[in-house]
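With the hints as a guide, bring both chains together as one complex.
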Amino acid sequence: MVKKADFEAPVLGDYTEVPAVTPGAMQHSQPYVAKPAHNEALGYPGELVDNWQEVAVNKLGELVKGSRALRVYLDSCVKCGACTDKCHYFLGTGDPNNMPVARQDLLRSVYRRHYTVAGKYLPKLVGAKDLDEEMLDNWYKYFHQCSQCRRCSVYCPYGIDTAEVSMAAREIMDTIGKGQKYCNEIIGKVHKLGNNLGLPEPALADTLEGLEEDVEEEINVAVKFPLDVKGAEVLLVTPSADFFAEPHIDGLIGYAKVFHQAGISWTLSSHASEAANFGLFIGSVDNMQKVAMRIREAALELGVKRIVFGECGHAWRVGYSFLNTLAGPFDFLDSNYPVPQHIVEVTHDLIEQGRLKMDASANDDKRVTFHDSCNVARASRMGAKSGGQFSLPRDVIKASCNHFFDMPADTIGEATFCCGGGGGLLTDDLVELRVKGAKPRMQALKDVHEQHRITHMAAICAICKSQFSKVLPYYGFEMDQIISVHQLVGDALVFNSDS
Amino acid sequence: MSNSIEVDGKTLATDEEGYLENLADWEPGVANVMAEIDDCELTDNHWEVINFLREYYEEYQIAPAVRVLTKAIGKKLGKEYGNGKYLYELYPYGPAKQACKYAGLPKPTGCV
Numbered sequence: 001m002v003k004k005a006d007f008e009a010p011v012l013g014d015y016t017e018v019p020a021v022t023p024g025a026m027q028h029s030q031p032y033v034a035k036p037a038h039n040e041a042l043g044y045p046g047e048l049v050d051n052w053q054e055v056a057v058n059k060l061g062e063l064v065k066g067s068r069a070l071r072v073y074l075d076s077c078v079k080c081g082a083c084t085d086k087c088h089y090f091l092g093t094g095d096p097n098n099m100p101v102a103r104q105d106l107l108r109s110v111y112r113r114h115y116t117v118a119g120k121y122l123p124k125l126v127g128a129k130d131l132d133e134e135m136l137d138n139w140y141k142y143f144h145q146c147s148q149c150r151r152c153s154v155y156c157p158y159g160i161d162t163a164e165v166s167m168a169a170r171e172i173m174d175t176i177g178k179g180q181k182y183c184n185e186i187i188g189k190v191h192k193l194g195n196n197l198g199l200p201e202p203a204l205a206d207t208l209e210g211l212e213e214d215v216e217e218e219i220n221v222a223v224k225f226p227l228d229v230k231g232a233e234v235l236l237v238t239p240s241a242d243f244f245a246e247p248h249i250d251g252l253i254g255y256a257k258v259f260h261q262a263g264i265s266w267t268l269s270s271h272a273s274e275a276a277n278f279g280l281f282i283g284s285v286d287n288m289q290k291v292a293m294r295i296r297e298a299a300l301e302l303g304v305k306r307i308v309f310g311e312c313g314h315a316w317r318v319g320y321s322f323l324n325t326l327a328g329p330f331d332f333l334d335s336n337y338p339v340p341q342h343i344v345e346v347t348h349d350l351i352e353q354g355r356l357k358m359d360a361s362a363n364d365d366k367r368v369t370f371h372d373s374c375n376v377a378r379a380s381r382m383g384a385k386s387g388g389q390f391s392l393p394r395d396v397i398k399a400s401c402n403h404f405f406d407m408p409a410d411t412i413g414e415a416t417f418c419c420g421g422g423g424g425l426l427t428d429d430l431v432e433l434r435v436k437g438a439k440p441r442m443q444a445l446k447d448v449h450e451q452h453r454i455t456h457m458a459a460i461c462a463i464c465k466s467q468f469s470k471v472l473p474y475y476g477f478e479m480d481q482i483i484s485v486h487q488l489v490g491d492a493l494v495f496n497s498d499s
Numbered sequence: 001m002s003n004s005i006e007v008d009g010k011t012l013a014t015d016e017e018g019y020l021e022n023l024a025d026w027e028p029g030v031a032n033v034m035a036e037i038d039d040c041e042l043t044d045n046h047w048e049v050i051n052f053l054r055e056y057y058e059e060y061q062i063a064p065a066v067r068v069l070t071k072a073i074g075k076k077l078g079k080e081y082g083n084g085k086y087l088y089e090l091y092p093y094g095p096a097k098q099a100c101k102y103a104g105l106p107k108p109t110g111c112v
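Protein chains in written order, with this note's numbering: chain A, 1 to 499; chain B, 1 to 112.
With the rest of the complex left out, here is chain B (with noise of 0.2 angstroms):
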């Protein structure tokens, strides 16, 4: 029973939830495709989110908390978009964990 992706032609496995297995696997068309699946259309400011999440993944190996990700999207886009609501507007599944998916980075665990 394995789960998977295809994008541009590669079969990526992901887990049950539909998170990449391998992180090395990612590349932008992965969060294209899992965007389609989800009914969502990726625009730049959809990916600033998932741009700073990988930067703040290579650096830490985690993705940033909620408050570091609405903070660095504030600095980027203006102020009025540095908030919980917006990042909830761009991902209603809720960013900590749809933006987490679709930059290809495991799913936050814990009381979360």
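Same shape as in the complex, but just chain A (with noise of 0.2 angstroms):
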């Protein structure tokens, strides 16, 4: 029996409906802050400024200049009430603070009393309103009900993106010395030791060992998961929780089992033993580049020709939109393939060309569904064609099992819903919020659950791994009901054992 904790979580109906606007249903809900050896690490103050309120209204006028797109979402709200509905954190919670546009309105207010005329001289006509302890208050309560996956902007008519605005806003905070605990913690962890874990080179090396073993032990074939080894084809850069938790451990294994039977010499580092950047959920480009340079580092250092992408959505996103930016220039690599690729758009193309030997029924115990994580589905692509984040990860799930079923249309692909745990906000204090949060997706879930039998739901990302872990026993479902992508994958895969 799994543990609970003690709020109510949601009930399932037959379909999502919109809840009722409840004012302050989630007002007590906010993270741990940091303590000061986390802000300082990444070069912040300590603790809350003596003149936050100057420094946070200095911060945001740099913020707007420097980004003009952050200026028209701020800007060009009308009202108009499309994303209102569309936030799973409202959905599950019907605090209206949880509306896209009211989120966007702790900044968007603050921004008008200072830095538009209007707001200067006649501030209550426009809803201009002043940074006091109330609302910086409200500020880290609702940024940090917001996982930035960005599905409000899809509906928006003018493509607002809360996820900058909340970046934005804990950019801000930050700046003035009110970090968070969880994101703040753990991007010092990999400034450190190059990982969100905190996992030393020995204790990884001793990990993969026993992957090793394991492997060979079921399988019998001497499937290698290797470690700073110069001269590798490709390094591998995956989230340190496939080096650590469950199910993501299986997705590693087949990768491992992947690169093995097409011959592809690989290596994980130990100096980019991490492919997460909260980086970016903190707004952070110096700690997001800071990160990422890890990568470009390991690179260089191991000789590698490819740098591949494990099963992490964030990262995808910083690996596929930003990286070449924070530490290209890439041209040491081979220009044959993408920098970086998704270890999906490897296997693709592996099962495409016909180097991989799968049998699919070796998951006739499963009935599976996809869970399209928010950073893949609407911050990056795959493949050469449009649309490919959806259609590849597909493609590969069935031709790993002959039993795929879709959830409901407006939940998927561009519409999918967050986990509920994306954003910096897997933690344990905001459980409640990841709970609730996760109300839409489980709705789908238990859609197909009763219309196709469906036993598994597969994801290509650690944050959506561990939240579905912890949040399926809430909602009547099995914590293992939740797989990696490449466990289908490795779990498909036939060897001869005698290779």
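Hints in this document: simulated from the structure, not taken from any laboratory.
There's no promise every hint is true.
Stated by the list, open to error - Computed list of lysine-lysine pairs in DSBU-like fashion (alpha-carbon distance at most 30 angstroms, straight line):
id, chain 1, residue 1, chain 2, residue 2
1, B, Lys107, A, Lys192
2, A, Lys192, B, Lys85
3, A, Lys398, B, Lys107
4, A, Lys305, A, Lys224
Rendered as structure tokens:
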């Protein structure tokens, strides 16, 4: 029996209904504030600075000056209401501050007060507000109830991206010394040790050695999990959860089996032992760059020809969209392959080329659906064709198992719902928010479960996997119903045991 | 706003979630007190997990992967115990986190 926390988990109905508005429903929810050491390691003041209002307003000015996108997002909302019922946290909690427009307005009202003419002189008329203690309190609470999943932006006629607004707000809060413990402690660990877990090289080596033993015992093939091997073709950068947690580690085993069968030499790096880049979540380009540089350094040090990312949602956003800007140029890599490449792209290519021997019936005990992770779905792409980030993972799953069914169309693809734990919210101090925010996805899962007797949901994101392991039991499912896509692949690969 | 627990008349500092601030403060009584707070009674099998975690941490400065832990427990107690379900029966708040806490180790961080 998995222990649950003391609040009422939502009950799933026949379909996801838009809840009645309950002001203040999540006013009590906020994550632990970072300790001085966590903030200082990232270059921020340890504690709230004395003149925080002034510093925050100046930082906001700096941000809108530096980002035309942010300024447009803050200027252009016409309060049409299209976003109001699109956020999973609103759908799960009914708190009106979790309507994307209201969340944006927390920052927008301060922006108007200081950076628009009308707001300076007639603040009440245009909804301009001062940044007082109450406002800062609401910023801290409600910008940590946004998983930066960007679902609302799909439905906004102006394309206003609440994720950018929430990242900006978090960066301002970091600048005045009010950081979030979960994100900042973790980023500090990456700077120091190379990964979110704080896993030192000997422990990583020991874990990988253990995996080699396990896999060989199971399939009688010496599949390797190489670490810091110079001259390997591929550097695999994967979330450190893949070394630690379930079901993540079965995904890692799947990647290793794919490389083994395709005869591709590969290595992990103890220097860049993390794909995740939480610098994104706190809106800090400096920290994001520092984390990304480790990948470049490792690639150069090991002399690899390709960089491949494992199953991690936001890492793929940073990898696909920003890696070259942050840590490029990557002209030393093989230009015949995308830089970076996603493991799903690698496996997909190999399947198309007939280089993998697969038996999908190995997964006949499972009936599978696929959860599109928000950052992969709405902030990146895969393969050469538009929509490849949706079709490639599904192709790979279908090659690995015989029973695949999608969840309802308005909950997948571009319209996918966040797992409820993204954007730096995957922490125990936000468990109520995480459970309630998962409601729309759980509703969709219940639908396919009832219609197609789905037994498993596959994902390609470490956060999604951990989040679902935690919240599935609150909705009457089992924690092990969430699996890695590459677990399916690994189990379907056929090896000649004498090879 | 400091957090702490009382063990054998000593006040030991913890973080907001009840993890010991200083690894060196740990003694077996810590696990017993923490278990009491969670309404959980520690059996010999619970202690096998705690002892393994402490040994592993001493060598590697980090908690073992869940898989490494289940394998080790399977070796010690028998194969039928070497699985995640059994560990969750022992530590219903999650073996990685709850058992680490009782063992005085820091909380595993990241996407776990």
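Hints, one by one, checked against the model:
1. Taken as a hint, the lysine 107 of chain B and lysine 192 of chain A pair is honoured in the structure, with Cα atoms around 17 angstroms apart against an allowance of 30 angstroms.
2. For the suggested pair lysine 192 of chain A and lysine 85 of chain B, the alpha carbons sit about 34 angstroms apart, so the restraint of at most 30 angstroms is broken.
3. Straight-line distance between C-alpha atoms of lysine 398 of chain A and lysine 107 of chain B comes to about 38 angstroms, which puts the hinted pair past the 30 angstroms bound.
4. For the suggested pair lysine 305 of chain A and lysine 224 of chain A, the alpha carbons sit about 19 angstroms apart, so the restraint of at most 30 angstroms is met.
Checked against the numbered hints above, the structure breaks hints 2, 3 and satisfies the rest.
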